[in-house]
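Participant: Sequence:
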Amino acid sequence: MSEGYKDLIVWQKGKSFCINIYKLTENFPNSEQFGLVSQLRRAAVSIPSNIAEGSKRNTRKDQNQFYAVAYGSGAEVETQLSIAKELFPKLKIKIENLEEDLIEIMKMLNKLRSVNQRL
Numbered sequence: 607m608s609e610g611y612k613d614l615i616v617w618q619k620g621k622s623f624c625i626n627i628y629k630l631t632e633n634f635p636n637s638e639q640f641g642l643v644s645q646l647r648r649a650a651v652s653i654p655s656n657i658a659e660g661s662k663r664n665t666r667k668d669q670n671q672f673y674a675v676a677y678g679s680g681a682e683v684e685t686q687l688s689i690a691k692e693l694f695p696k697l698k699i700k701i702e703n704l705e706e707d708l709i710e711i712m713k714m715l716n717k718l719r720s721v722n723q724r725l
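For the sequence shown, counting from 1, position 9 maps to 615 in the working numbering; every step adds exactly one.
For the record, the hints were derived by calculation from the structure and aren't laboratory data. Hints should not be assumed to be uniformly reliable.
Stated by the list, open to error - Simulated DEER-style distance windows between Cβ atoms:
{"no.": "1", "residue 1": "Asp-613", "residue 2": "Pro-635", "range": "32 to 42 Å"}
{"no.": "2", "residue 1": "Thr-665", "residue 2": "Ile-699", "range": "41 to 51 Å"}
{"no.": "3", "residue 1": "Pro-635", "residue 2": "Lys-713", "range": "39 to 49 Å"}
Note that this is a predicted model, so its numbers are computed, not measured. In this text, a Cβ means the ideal position worked out from N, Cα and C, and glycines have one as well.
Let the hints inform the model, and build the full structure from the sequences given.
Facilitator: The following block contains the structure:
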């Protein structure tokens with residue numbers, strides 16, 4: 607039996623990415639708890655959450671609207687990771703690995719939106 611959004615590879619990768627953002631931000635200083643940590647985590651959670659919500663919408667237009675929000679959240683995370691890389695150079699390699707994962711997720715989201723528009 608199909609699990610719906612849980613079967614979507616982009617949702618699976620988005621969820622895994624989100625968990626890895628949480629792990630990364632555990633290494634940030636306490637002074638960032640209500641700053642970059644909070645922002646990164648919220649934006650990262652938004653990616654798989656909006657994919658899930660979009661997949662449950664009745665029209666392709668509504669679905670794509672949520673996929674677009676997920677994509678926008680990805681752009682937020684991309685910016686925040688760029689800032690974090692400069693602030694915390696010791697985490698550069700971990701951050702760059704996450705940036706690569708994010709690029710893949712965003713490409714998949716673009717493809718999903720494109721396919722949805724053609725249907």
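Participant: Would you mind marking each hint as holding or not holding in the structure?
Facilitator: Verification of the supplied hints:
At about 39 Å, the CB distance of Asp-613 to Pro-635 agrees with the hint of 32 to 42 Å. In this structure, Thr-665 and Ile-699 meet the distance hint of 41 to 51 Å, their C-beta atoms being roughly 42 Å apart. At roughly 32 Å, the beta-carbon separation of Pro-635 and Lys-713 lies outside the given 39 to 49 Å, and the hint is violated.
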